[in-house]
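J.: As they're listed, the protein sequences go chains A and B. For the first sequence, this note's numbering begins at 1 and goes up steadily by one. For the second sequence, this note's numbering begins at 153 and goes up steadily by one.
Watch out, some of these pointers could steer you wrong.
Derived SDA-like pairs (lysine to any residue); straight-line CA-CA distance at most 20 Å [unchecked claim]:
#1 K106/A / R162/B
#2 K37/A / A270/B
#3 K84/A / R159/B
#4 K106/A / A270/B
#5 K79/A / L207/B
#6 K192/B / K84/A
#7 K192/B / K49/A
#8 K192/B / D110/A
#9 K37/A / N155/B
#10 K239/B / K79/A
#11 K37/A / M260/B
#12 K84/A / N39/A
#13 K49/A / E175/B
#14 K49/A / S245/B
#15 K49/A / M260/B
#16 K49/A / E156/B
#17 K37/A / E156/B
#18 K37/A / E175/B
#19 K106/A / S197/B
#20 K192/B / F145/A
#21 K157/B / E35/A
#22 K49/A / E236/B
#23 K298/B / S165/B
#24 K106/A / N155/B
#25 K106/A / P246/B
#26 K49/A / S165/B
#27 K157/B / E31/A
#28 K84/A / H208/B
#29 K37/A / G178/B
#30 K49/A / E189/B
#31 K37/A / I158/B
Some chain B residues well away from chain A (every beta-carbon gap over 10 Å; in silico) [said to hold, decoys possible]:
#32 A206
#33 E240
#34 K299
What follows is a list of derived Cβ distance ranges for each label pair [said to hold, decoys possible]:
#35 S135/A / I229/B: 37 to 47 Å
#36 H74/A / A270/B: 14 to 24 Å
#37 E139/A / V225/B: 20 to 30 Å
#38 G179/B / E132/A: 16 to 26 Å
None of these hints come from the bench; they were simulated from the model. Where a beta carbon is used, it is the ideal one built from N, C-alpha and C, also for glycine.
What follows is the residue order along each chain.
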Amino acid sequence: MPSRVRASPVLDAMTISVSGDDPLALRNVFEVLGEGKVNIWLGVEIKNKEDFMDITLCFNPQETDYATTLIQNHYPGIKFSLIKSVRIISAFPFRDNAEVAFRFIKTLEDNLVPVLALSTSLSSISCLVPQEYCSIAIESLETTFGLSNKNS
Amino acid sequence: MNNEKIRAYRIISHQFLTLVRMEFPGGSDSRLGRVFEVFKQYNLSLRFFASGNALHGEKTLYLGVDLLSEETVGELIAALREVENHKELALISPVSMAMLYGPHFGEMPGIFGLTFSAFVNAGIIPLAVSASSSSLSWLFPSGQFKKALEILHGIFEFPKAFFPGEENNDDP
Numbered sequence: 001m002p003s004r005v006r007a008s009p010v011l012d013a014m015t016i017s018v019s020g021d022d023p024l025a026l027r028n029v030f031e032v033l034g035e036g037k038v039n040i041w042l043g044v045e046i047k048n049k050e051d052f053m054d055i056t057l058c059f060n061p062q063e064t065d066y067a068t069t070l071i072q073n074h075y076p077g078i079k080f081s082l083i084k085s086v087r088i089i090s091a092f093p094f095r096d097n098a099e100v101a102f103r104f105i106k107t108l109e110d111n112l113v114p115v116l117a118l119s120t121s122l123s124s125i126s127c128l129v130p131q132e133y134c135s136i137a138i139e140s141l142e143t144t145f146g147l148s149n150k151n152s
Numbered sequence: 153m154n155n156e157k158i159r160a161y162r163i164i165s166h167q168f169l170t171l172v173r174m175e176f177p178g179g180s181d182s183r184l185g186r187v188f189e190v191f192k193q194y195n196l197s198l199r200f201f202a203s204g205n206a207l208h209g210e211k212t213l214y215l216g217v218d219l220l221s222e223e224t225v226g227e228l229i230a231a232l233r234e235v236e237n238h239k240e241l242a243l244i245s246p247v248s249m250a251m252l253y254g255p256h257f258g259e260m261p262g263i264f265g266l267t268f269s270a271f272v273n274a275g276i277i278p279l280a281v282s283a284s285s286s287s288l289s290w291l292f293p294s295g296q297f298k299k300a301l302e303i304l305h306g307i308f309e310f311p312k313a314f315f316p317g318e319e320n321n322d323d324p
């Protein structure tokens, strides 16, 4: 079971959808952001059934205007939406455990926390939630996993 | 970035996975908890999972589990079909996964784009990508996995020994 739950600083999120027929468009966007030294805190890219690539990227709020300007200037045809003030909530460790994933997701659903994105890494399970749901997300996850310390 | 290899601490790969892809309509209660409850009941190891929303709000969930037998695939499909509100369900086998760990990745802007560019330039389109400040994960069609690993080994260098104690230094 996870031994700690942590939250990132407040970030901004961007959602982009690009046709799977045009992977170069997405490559170009990532290259522009990389050349602009934009730090991506969390990135999730998934190809859906219609062969569209849906991407969620999180930046420091100080970099959001810069990142959006970079994309708009280089690729004005790319459509995206911004979600201001989100946080990444992560539970450690995770280790491929379906029961931990179930309890993590179920806790958020039971507490009506909207989940904008989900991902896992080598040792954590993470979700992206609006800032205003951060406290309830952390408190409920700590309760679920029997953790008393506050990590946020 | 220059042409020097980037230090990474560990690479984990799973060559034979079954990918479960579920899609939910925008604005609906997606009931992801019920999906994970099914996986828990089957005691499946979740090697990869990611979920994101499309611009128009539809939610797609990817779960990668160890390659399933035909019998289990049938049972899992039947169980997942009972999940309310889902729009699409597909099980795809085999797919492969690579996961790269580097606690310093968060201090290296551009690493996400660098790897994606290298794959696309080689004609490899990952099925899914998940990136945090200390790890990168990709899901590939199995036929592209060998080439994808070669590309990763061309970009990153790995220590000869891995220290397991570093595994949990995975900051959000």
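J.: Which of the stated hints cannot be reconciled with the structure, identified by number in ascending sequence?
T.: 1, 3, 4, 6, 7, 10, 15, 16, 18, 24, 25, 26, 29, 30, 32, 33 and 37
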